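Sequences and hints are given; from them, build the entire structure.
Residue numbers (this note's numbering), protein chains in the order written: chain A, 8 to 293; chain B, 1023 to 1159.
Everything labelled a hint here was simulated from the structure, so no lab data went into it.
Each hint should be verified, as a subset may be incorrect.
Pairwise CB distance ranges, derived in the manner of DEER restraints [to be verified]:
#, chain 1, residue 1, chain 2, residue 2, range
1, B, F1041, A, R38, 29 to 35 Å
2, B, F1041, A, Q198, 28 to 34 Å
3, B, V1110, A, N68, 52 to 58 Å
4, B, E1082, A, H29, 45 to 51 Å
5, B, K1028, A, K274, 48 to 54 Å
6, A, A267, B, T1027, 47 to 53 Å
7, B, N1044, A, L123, 55 to 61 Å
8, B, I1084, A, R285, 54 to 60 Å
9, A, D40, B, M1114, 55 to 61 Å
10, B, R1133, A, D40, 54 to 60 Å
11, B, P1037, A, A267, 29 to 35 Å
12, A, K148, B, K1028, 42 to 48 Å
Taking lysine to aspartate or glutamate pairs in the DMTMM-like style, the calculated list, with each CA pair at most 20 Å apart, reads [stated by the list, open to error]:
#, chain 1, residue 1, chain 2, residue 2
13, A, K148, B, D1038
14, B, K1122, A, D185
15, B, K1052, A, E248
16, B, K1047, A, E248
17, A, K106, A, D70
18, A, K21, A, E83
19, B, K1132, A, D70
Just some of the chain B residues that point at chain A, by a computed CB distance under 10 Å [to be verified]:
#, residue
20, V1058
21, R1072
22, G1117
23, T1120
These numbers come from a predicted model, not from an experiment.
The beta carbon of each residue, even a glycine, is placed where N, CA and C say it ideally should be.
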Amino acid sequence: MKSKTASFLKKNKKQLLEAWMHNQLADSTLRDDLITNEELGKQSEELLDSLLKALGSGEFNADSDVFQPVVDIISELSITRARQGFSPRETSLFVMSLKRAFYSIMDKEFANDPALLYQEAVIINNLLDTLSIITMETFIKGREEVILRQTDEINEISTPVIRVWDGILALPIIGTLDSARTQIVMENLLQMIVETGSRIAILDISGVPTVDSLVAQHLIKTVSATRLMGAECIISGIRAEIAQTIVHLGIDLSNINTKASLASALKLAFNMLGVEVRRGEKKSII
Amino acid sequence: MMTLTKEKLTILREPDVIFFRNKAKEYAVKIGMSLVGQTKLITAASELVRNMLRYANGGEAILEIVVRNNIKGVRLTFADKGPGIKDVKQAMQDGFSTGKSLGLGLPGAKRLSNEFDLKSEVGKGTTVTIIRWKNGL
Ligand SMILES: Nc1ncnc2c1ncn2[C@@H]1O[C@H](COP(=O)(O)OP(=O)(O)OP(=O)(O)O)[C@@H](O)[C@H]1O
Ligand SMILES: [Mg+2]
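What follows is the structure, given as structure tokens:
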């Protein structure tokens, strides 16, 4: 399609950039704590340059190859903003406010030819809408990446293996024990058993909200793996309501050592290792 | 029986299980169900949502607060458009599983609920409905 827009926009690049910057800075939600005006100006000019270059080819379809550099810049920018904590509004405003800048310039240029103005406006509108959609899509993808990374981090930090006594390990499990978590728990536990030569591992499930058949199966698997390493497992922290539920569900934990509290599990562990803990004579401090 | 509150959730992915369970807990707390009752309801819900994800690639879960004879309860409905269950009697048996699992989900959910209903048609899908009453055993 032939369009006059490209050539005249190129002529007016300076005004365009000014109008666009003006629109962006006018928005009260702009995060000047996350981005300096100078940086914003640089990003804006870079995008505008590549956009004008693509428009110069006479192509107006954002999906075509000539727009690839433009799409790349927008994607990069949206992902970066998602990671930095910009809101969707701030991010989409970047492209949206360019639309308004285009309109204000075109309005003047085609003032005496409404039909042409309309025709050109539709072209620009479609193009920038597509770019807006790309902005939002990449922004959301960026946010999802952030969430996934956080989930991994939580999984890592929330499965510690604690050496409570010579030969005794404790694993407080907090949250849902899904397949991915079980894998991490199991790996950490088995590695620690080898490293410390421990003979007993206490899995404390006080922090697990629901024990359904899947969680139970994961617990049973962990116990079996521990036994294969020549160590024994005690499951502690089984709350009264969880105990009743496990029984109704029909899960058989009868060949696994279970205790209500971590303290009683520790007592059992001492017993199994032949360790005796006694209250000694109180030594005078002075 | 009358419905007081109703909410529908789409279950498509693993994280939806936790979200739905928390919703079910919210409903149980709202009608003043005991802690044991809540835990039983949530565990049954967990089994049924997981089945839906595992065998039917997801489906719809409906939460309701219902009243009958002046007693409140939570009704949960799990409807999927999956392959359906060929032999329901067999599927309801302890230890039967086509998924190399414990085979406790369906029979366990039934024991954990006060009322349990399963309708399934091969090639069409499966709908499971359970109720736990506020004062249910
Ligand atoms: N929504 C469903 N659609 C199709 N088949 C199902 C559905 N729910 C259960 N089934 C079938 O019924 C069988 C028994 O289900 P149940 O939940 O009791 O056991 P499981 O899922 O195999 O194991 P578990 O729940 O103990 O991990 C399943 O193996 C599966 O073949
Ligand atoms: Mg199941």
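**OP:** Indicate whether the distance between the beta carbons of R1133 of chain B and D40 of chain A respects the range 54 to 60 Å.
**Re:** For D40 of chain A against R1133 of chain B, whose Cβ atoms are near 56 Å apart, the range 54 to 60 Å holds.
**OP:** Check the following: the C-beta atoms of A267 of chain A and T1027 of chain B are separated by a distance inside 47 to 53 Å.
**Re:** violated, 36 Å
**OP:** Mind checking the hinted window 29 to 35 Å against the Cβ distance between P1037 of chain B and A267 of chain A?
**Re:** holds, 31 Å
Subject >> R1072 of chain B as an interface hint toward chain A, with CB separation required under 10 Å >> reply: Hint on R1072 of chain B: holds, closest Cβ of chain A at ~6 Å, below 10 Å.
Original post:
At the C-beta level, are V1110 of chain B and N68 of chain A separated by a distance inside 52 to 58 Å?
Top reply: Given range 52 to 58 Å: holds, Cβ gap about 55 Å.
Original post:
Straight-line Cα separation of K148 of chain A and D1038 of chain B no greater than 20 Å?
Top reply: holds, 19 Å
Subject >> Distance restraint hint 42 to 48 Å, applied to the beta-carbon atoms of K148 of chain A and K1028 of chain B >> reply: violated, 34 Å
Original post:
Regarding the hint that G1117 of chain B lies at the interface with chain A, is the smallest CB-CB distance below 10 Å?
Top reply: holds, 8 Å
Subject >> Outcome for the supplied range 55 to 61 Å, where the beta carbon pair is D40 of chain A and M1114 of chain B >> reply: holds, 60 Å
Original post:
Holds or violated: 29 to 35 Å for the Cβ distance of F1041 of chain B and R38 of chain A?
Top reply: holds, 30 Å
Original post:
Is it true that E1082 of chain B and H29 of chain A lie within 45 to 51 Å of each other by Cβ?
Top reply: holds, 49 Å
Original post:
Under the criterion that the straight-line Cα-Cα distance not exceed 20 Å, is the pair K1052 of chain B, E248 of chain A satisfied?
Top reply: holds, 19 Å
Hints 6, 12, 18, 19, 23 from the list above are not met by this structure, while the remaining hints are.
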